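Whenever a hint applies, use it, and build me the whole structure from the sequences.
There are 2 protein chains.
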Amino acid sequence: MMKGKKTKGLVIVYTGDGKGKTTAALGMALRAAGHGKKILIIQFVKSFKSYGELKFVKKFNCGIEIKTMGKGYVKIKGDRFPFEEHVKAAKKTLKFAKDQILSKKYHIVVLDEINIALDKKLLTIQEVTDLIKQKPPDLHLVLTGRGAPKKLIDLADLVSEVKEIKHPFKFGIPAQKGIEN
Amino acid sequence: MMKGKKTKGLVIVYTGDGKGKTTAALGMALRAAGHGKKILIIQFVKSFKSYGELKFVKKFNCGIEIKTMGKGYVKIKGDRFPFEEHVKAAKKTLKFAKDQILSKKYHIVVLDEINIALDKKLLTIQEVTDLIKQKPPDLHLVLTGRGAPKKLIDLADLVSEVKEIKHPFKFGIPAQKGIEN
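As given, the protein sequences belong to chains A and B, one line each in that order. Numbering of the first sequence is given in this note's numbering, commencing with residue 31 and proceeding in unit increments. Numbering of the second sequence is given in this note's numbering, commencing with residue 31 and proceeding in unit increments.
By construction, these hints were calculated from the structure, which means they are not laboratory data. Please note that the accuracy of each hint is not assured.
If chains are identical, the list can't say which one is meant, so a pair holds when it fits in one copy or spans any two.
[Unchecked claim] List of simulated lysine-lysine pairs, DSSO-like, C-alpha gap at most 27 Å:
no.: 1; residue 1: Lys196; residue 2: Lys165
no.: 2; residue 1: Lys76; residue 2: Lys134
no.: 3; residue 1: Lys97; residue 2: Lys151
no.: 4; residue 1: Lys196; residue 2: Lys163
no.: 5; residue 1: Lys68; residue 2: Lys196
no.: 6; residue 1: Lys196; residue 2: Lys38
no.: 7; residue 1: Lys121; residue 2: Lys79
no.: 8; residue 1: Lys38; residue 2: Lys79
no.: 9; residue 1: Lys151; residue 2: Lys128
Because the structure is a prediction, the values reported are computed rather than measured.
Here it is, written out as structure tokens:
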């Protein structure tokens, strides 16, 4: 873990409606892995798909682990689960996250899409802030997803909002493998 | 390269004053590399440092290449170069980028910090838009850096602005290895 009087593990939030939040967390993971750090990315809400990042960590033993534990996006077309199932999955994911965070095995833990879990009321802000307060001082914790609540932003050290200025899907260009997923 | 009537190589811009632009481009590269794509990241302005991403691509032969060709940030404390040297480096980098883009060896080319090169007048917008117009149709081109000019945004398919909401350095917490670089 990182030493030094002034270094500390940061609480980093990527929020906003633009593309690039999970992507930035992945880039951060790549960078840290370059420095020999261990990174765990825990994906809330998202269910398993052939995401490029999952293929990547399978192919290259690079110090990045990803655990996908959601049931898919909530209350959208194609959502096959009752709300309670989403809640159950989110609580289970949070419990897993807590165990991993307290294990001190990682330098960085990314709670991907946890802001969406908060926004959709799968988790309470209290549950999440309690977890943040328990994290080891050296651990960097990254929380992504649109709709980060103010209480989370208040608690965070670094907050970036990714704003959508222009998006091609609105002009009829479909998602691009390796770009969007 | 990607096939299909409706797929096309996108012009993607990450701009704004927040942390996460280069990082998002790195994450996109990781994702695409997971899908077996070839990615070249060309860094304008930045000069060689022990960046995590450079260490990463050296360690893992994962389909991502990085070429750092700048002379460091322009007109800031510690800038040892006359302005003309920065211009020369930027022009050389752009020429290199053009050769690589036209080579069709890559699925994605990232022109990292090229927006800063534009903002600092190391390159003209005409030079950059000319290059974009020449790119192979299937190639995704990613341009990062704060201060993307309007003409570039007009030409792009996908534009995300990363806004700084909160930054720890302002509160006296120093840069963290593996997080900031």
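Evaluation of the provided hints:
1. Lys196 x Lys165: Between copies only: 20 Å across chains, 37 Å inside a chain, cut-off 27 Å.
2. Lys76 x Lys134: within (25 Å within a copy, 34 Å between copies)
3. Lys97 x Lys151: Within. Shortest intra-copy distance 21 Å satisfies the 27 Å Cα cut-off; inter-copy 44 Å does not.
4. Lys196 x Lys163: between (37 Å within a copy, 19 Å between copies)
5. Lys68 x Lys196: Between copies only: 25 Å across chains, 34 Å inside a chain, cut-off 27 Å.
6. Lys196 x Lys38: between (36 Å within a copy, 16 Å between copies)
7. Lys121 x Lys79: Answer is within; shortest intra-copy Cα gap is 21 Å, inter-copy 42 Å.
8. Lys38 x Lys79: Close across copies (22 Å), not inside one copy (34 Å); limit 27 Å.
9. Lys151 x Lys128: within (19 Å within a copy, 49 Å between copies)
Violated hints: none; the structure is consistent with every hint.
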